[in-house]
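Residue numbers (numbering that gives the first Met the number 0), protein chains in the order written: chain A, 0 to 218; chain B, 0 to 224; chain C, 0 to 250.
Treat the hints as calculated values from the structure; they're not laboratory data. Note that the Cβ used here is the ideal one computed from N, Cα and C, for glycine as well. Some clues are possibly wrong.
[What the hints assert, rightly or not] Examples of chain A residues lying across from chain B (beta carbon under 10 Å, computed): (1) L65; (2) F69; (3) K77; (4) L154; (5) T157; (6) S158; (7) M169; (8) T182; (9) L189; (10) V200.
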Amino acid sequence: MDYAVIESYLPLYKDALALTLKIGWQGIALSLLVGLAGAAILHFKIRILKTITGIYIELFRNTPLLVQLFFLYFALPKIGIKITAQTCGVLGLGLLGGAYMIESFRSGLESIAVIQTESALSLGMTKEQTFIYVILPQAVSISVPGLLANVIFLLKETSVFSTISLMDLMFTAKDLIGMYAKTIECLFLLVVFYLIMLLPVSILGSILERRLRYAGFGD
Amino acid sequence: MQDLGIDVLFKGTNFLRLLQGLWVSVEISLISVVISILLGLLVGILMTFKNPVLRAVLKVYLEIVRIMPQMVLLFIVYFGTTRVFGWDLSAETSAIFVFCFWGTAEMGDLVRGSIKSISKIQFESSFALGMNKIQTYRYVILPQTIRRLIPLSINLITRMIKTTSLVMMIGIVEVLKVAQQIIEANRKASPNAAFGVFAVVFLLYFLVCWPISRLSVYLEKRWAL
Amino acid sequence: MSELLKVKNLHKEFGKNVVLKDINLSVEKGEVVVIIGPSGCGKSTFLRCLNGLEEIQGGVITVDGLPVESGKKEITKLRQKIGMVFQSYELFPHLSVIDNLILAPTKVQKRKKEEVIREATELLDRVGLLDKKDYFPRQLSGGQKQRVAIVRALLMHPEILLFDEVTAALDPEMVHEVLETMLKLAKSGSTMLIVTHEMSFAEAVADRILFFDNGEIVEEAEDVKGFFKEPKTERAKKFLRTFEYDSALYI
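Start from the sequences and build out the full structure, keeping to the hints where you can.
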């Protein structure tokens, strides 16, 4: 391996990581919002919206992100909806992730016993207050391992952004291999940068999971 | 429907080509799933062993699969290993190798989870009835494990199919690549082809994956213990 | 004395299964009514109907003259007048004791936090749990949790308190501390409706006994001592006898 090459490529990978993280976290934030909203819709069984949410979940869980991105990026402009590659990445990741986040939040919500709701209602709380102050906080902490698994999954999925010309890690590696044929160095840096991005999240995930499983509130 | 570019699909053999492209993805997925399930069963059982070296090795393996994007693995195998070892791997072989590497880990984890979820008392009560170890596995443990595993393995198929969309990145001509070719070829005649063709590709993936994931959900509910 | 709770011709069914038929009851301010009866006789469902947790299929329930109708917006106003304590405590596990206590008064009644905390501290002290103020529910024993749940209901200043078998899930040695708390409440003039299986407690606390069986009030007695000595109906006699056998078994 040629260390001079690695050193000269380093700044390019750093920029790519910054871009990947930027789009990644924006997309994940969006997916959490979509997830919460969707889970609330299903929880309150709001008519029509409930059906739409169901269709959305099935559509986005049963198609690859790559195809979703192609649709957003190449197909939508043809009917007059033009969005930049970055927005596309955020939107694609957010919509894909949202479909998974809804499920995680929902399983958390479903695990809270009905009588907790009843006890909040009997204190005079409205349905909405019960949801916000009593049910949701418990559900979220139960959902944390699932949510973090989704975060890892979504950060991995960012690797397809290169296909819509976003200069992320994958794009940079592919580009450099194509231009200078320093395959080994490029792949080495690619692996290292994905490790830098994902190992901390993965470790955090296992720590939190263990704590939630063995402890609970108040420790 | 000129303006939405759907008409392109009915020109010549375009739609058939698209379906053939889809079949390439499905074929790679099915081959990988079968191999992954078999190897995954083995790896899953190995994961329940207490040997510390084995555990450490498997843990590293799982963690690699957990955090490395499949696309990175594809690049390493297709561009990296061919360069380092000088062998000649076709894109298809590389893809199947990567998806098996990934699928085996996923399946192994599912197998480990299902075995672990069966309580110790189940073993003990079988022994108390005078069964030996093989009988216990044959009549008590495996039937429970398999009922739990089948829906999860079916779910793995849909994830495999979705992930195979990545193989276009190493030059395999699958449905997305065919779609791009069709759009490119009709750029003049039908400038809006991208909408119609990509919408259809989206729908095709959905039509393949959705029934499979419904089946998985159905079996999971039906066989819930 | 003024009438606080009135139930007229209450009818409740789950599908084809009739759980409560034609229940009539009037409870006055300051009265303690104890409901006893075999399991599945409908007494817990009856309590749940009173604060609108169950829909009713016939009859009228009024609290302070206002109708209890589940599903209506006004129900939250009414529920503030009706405190309820559950068998399984149902403290909120993600909140500390003090946060459990102040949640509803501050969010529902919009009272000042400092004022609620002051009152909560006082009440906790009275039930002997002041030192547990910042504990989380899972760090408390069942009896302690149940006392916190009672304080939580009290802080809403309800006009009537419903107790649904609040000692049924407790270990025997903890039953006493909870009953003691309830007895003190009764003496201080609270209006209470209590479903319980503790017969000697029922005898000590009740102004009136209702004996439920098969979804009906079979016997109603103002002479509580008399009821426990010699109930008028055959069914009540039979029910009370099962308790005698129970205690006889353990002697």
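Practice item. Tell me if F69(A) is really an interface residue toward chain B, meaning its C-beta lies closer than 10 Å to one of theirs. Key: holds (5 Å)
Exercise for review: Go through the hint on T157(A) and say holds or violated, using the shortest Cβ distance to chain B against 10 Å.
Suggested key: holds (8 Å)
Exercise for review: With chain B as the partner, please determine if V200(A) meets the hint condition of a C-beta pair closer than 10 Å.
Suggested key: holds (8 Å)
Exercise for review: Hold the hint about L65(A) up to the distance rule: shortest CB distance to chain B must be less than 10 Å.
Suggested key: Holds. Min distance 4 Å.
Check your understanding: When the nearest CB of chain B is found for L154(A), is that gap smaller than 10 Å?
Key -> holds (8 Å)
Check your understanding: Does M169(A) pass the interface hint, meaning its C-beta sits closer than 10 Å to a C-beta of chain B?
Key -> holds (6 Å)
Exercise for review: Report holds or violated for the interface hint on T182(A), using the least CB-CB distance to chain B and a cut-off of 10 Å.
Suggested key: Given a least distance of 5 Å, the restraint on T182(A) holds.
**Study point:** chain B contact restraint for K77(A) - C-beta distance below 10 Å
**Key:** holds (4 Å)
Practice item. Have a go at the L189(A) hint: is there a Cβ in chain B nearer than 10 Å to its own Cβ? Key: holds (6 Å)
Practice item. Identify whether the interface hint at S158(A) stands, where standing means a beta carbon of chain B within less than 10 Å of its own. Key: Hint on S158(A): holds, closest Cβ of chain B at ~4 Å, below 10 Å.
Violated hints: none; the structure is consistent with every hint.
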